[in-house]
Amino acid sequence: MSKLIIQPNNKDHIQGNEKSNVTLVEYGDFECPYCGEAYPIVKEIQKIKGDVLRFVFRNFPLSEMHPYALHAAYAAEAAGKQHKFWEMHDILFENQENLEDKNLRLYAEKLSLDIDQFTNDMNSDEVAKKVQEDIMGGIKSGVNGTPTFFINGLRFDGSHKLDSLLKAIEKIKFKNTLNEKPTS
Amino acid sequence: MKNQPLKKGIKAPDFSLKSTPDQEVSLKDFLGKPVILVFYPADFSPVCGSELTLFNEVLPEFKKYGAQVLGISVDNIWSHLAFIKERNLHFPLLSDFNPKGEVSRLYNAYLEEDGLSKRALYVIDKDGVIAWSYISPTGINPGADGVLNALEEL
Chain A
1 MSKLIIQPNN
11 KDHIQGNEKS
21 NVTLVEYGDF
31 ECPYCGEAYP
41 IVKEIQKIKG
51 DVLRFVFRNF
61 PLSEMHPYAL
71 HAAYAAEAAG
81 KQHKFWEMHD
91 ILFENQENLE
101 DKNLRLYAEK
111 LSLDIDQFTN
121 DMNSDEVAKK
131 VQEDIMGGIK
141 SGVNGTPTFF
151 INGLRFDGSH
161 KLDSLLKAIE
171 KIKFKNTLNE
181 KPTS
Chain B
1 MKNQPLKKGI
11 KAPDFSLKST
21 PDQEVSLKDF
31 LGKPVILVFY
41 PADFSPVCGS
51 ELTLFNEVLP
61 EFKKYGAQVL
71 GISVDNIWSH
81 LAFIKERNLH
91 FPLLSDFNPK
101 GEVSRLYNAY
111 LEEDGLSKRA
121 LYVIDKDGVI
131 AWSYISPTGI
141 NPGADGVLNA
151 LEEL
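Top line first, the protein sequences correspond to chains A and B. Note that our numbering has the first sequence beginning at 1, numbered continuously upward. Note that our numbering has the second sequence beginning at 1, numbered continuously upward.
In case anyone wonders, no lab produced these hints; they're calculated from the structure. Since no wrong hints were added, every one of them can be taken at face value.
Cβ-to-Cβ under 8 Å is the rule here; a few derived chain B residues that face chain A:
hint, residue
1, GLU51
2, LEU54
3, VAL58
4, ARG87
5, ASP145
6, LEU148
Cβ atoms here follow ideal geometry from the backbone N, Cα and C, with glycine treated the same way.
Build out the structure end to end from the sequences listed, making use of the hints.
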């Protein structure tokens with residue numbers, strides 16, 4: 001069973017309750033149609049589980065197959081430097097067919113980002129390194145395609161349909177509660 | 001023990017298979033460097049993040065160990081060549097086509113009832129000895145984590 005080797009940390013983009021003991025980590029590629037299909041499903045899960053779920057998105061662009069995926073990942077990270085990672089994440093998944101550099105710039109404008117800074121960050125070593133670290137961490141954790149989900153650190157090999165993911169999340173939460181030590 | 005892969009420490013059975021209409025690839029050609037054998041069921045399986053696509057992305061990491069990746073399935077050469085082109089793969093795919101599945105069988109990586117190779121992974125060291133092996137459950141792509149760990153330990 002493949003396990004997540006890099007635990008959620010302060011370099012990550014995190015949505016939901018940061019202190020939650022239920023964590024869904026996605027390794028995704030903004031150009032991958034299967035990630036695009038999973039995008040509204042994750043949103044739905046967040047809506048249902050809102051208060052108890054911590055969601056982490058990490059980059060796993062399959063650059064050999066998806067020519068625009070790497071720059072799209074850079075764009076999300078660059079937007080993150082201006083505290084708009086999730087806004088860019090959503091725009092990219094909602095516009096998977098249009099991920100050329102000129103589109104990315106347009107989305108940055110739409111999000112009222114400082115364009116000079118956005119462009120600098122997109123081309124920076126720091127952003128490239130962050131994406132590379134996401135990829136390497138993913139490979140070593142057993143990412144086996146995109147998207148790959150980890151639920152509380154274990155790779156989830158089931159279907160990416162809503163009910164299957166939701167069931168798995170609820171199961172893990174239950175187990176954790178059982179193992180939880182009394183806090184007093 | 002047909003459901004188990006060949007074990008660590010066993011000399012990897014040699015084979016020669018075609019990678020193009022006029023090129024044969026033998027395991028012994030790669031003596032002196034590690035070889036990663038990736039047995040898989042079929043070209044063009046309808047998954048975008050498929051196993052071979054992933055291994056293609058991880059190729060630079062494998063290269064750090066000087067390792068050669070060889071994909072093997074029972075598809076014919078023309079299918080392989082089209083698949084390589086479509087997925088932009090940078091390693092050869094070998095055709096275990098005639099006699100069908102012979103090499104896959106040698107490596108306990110043949111699913112008789114379906115007539116397809118299983119998802120089996122082998123890391124073979126520079127002396128041609130199996131260093132690590134794994135057969136993934138049907139329908140689950142193995143990641144590249146096991147292979148990388150095995151290469152690190154060589």
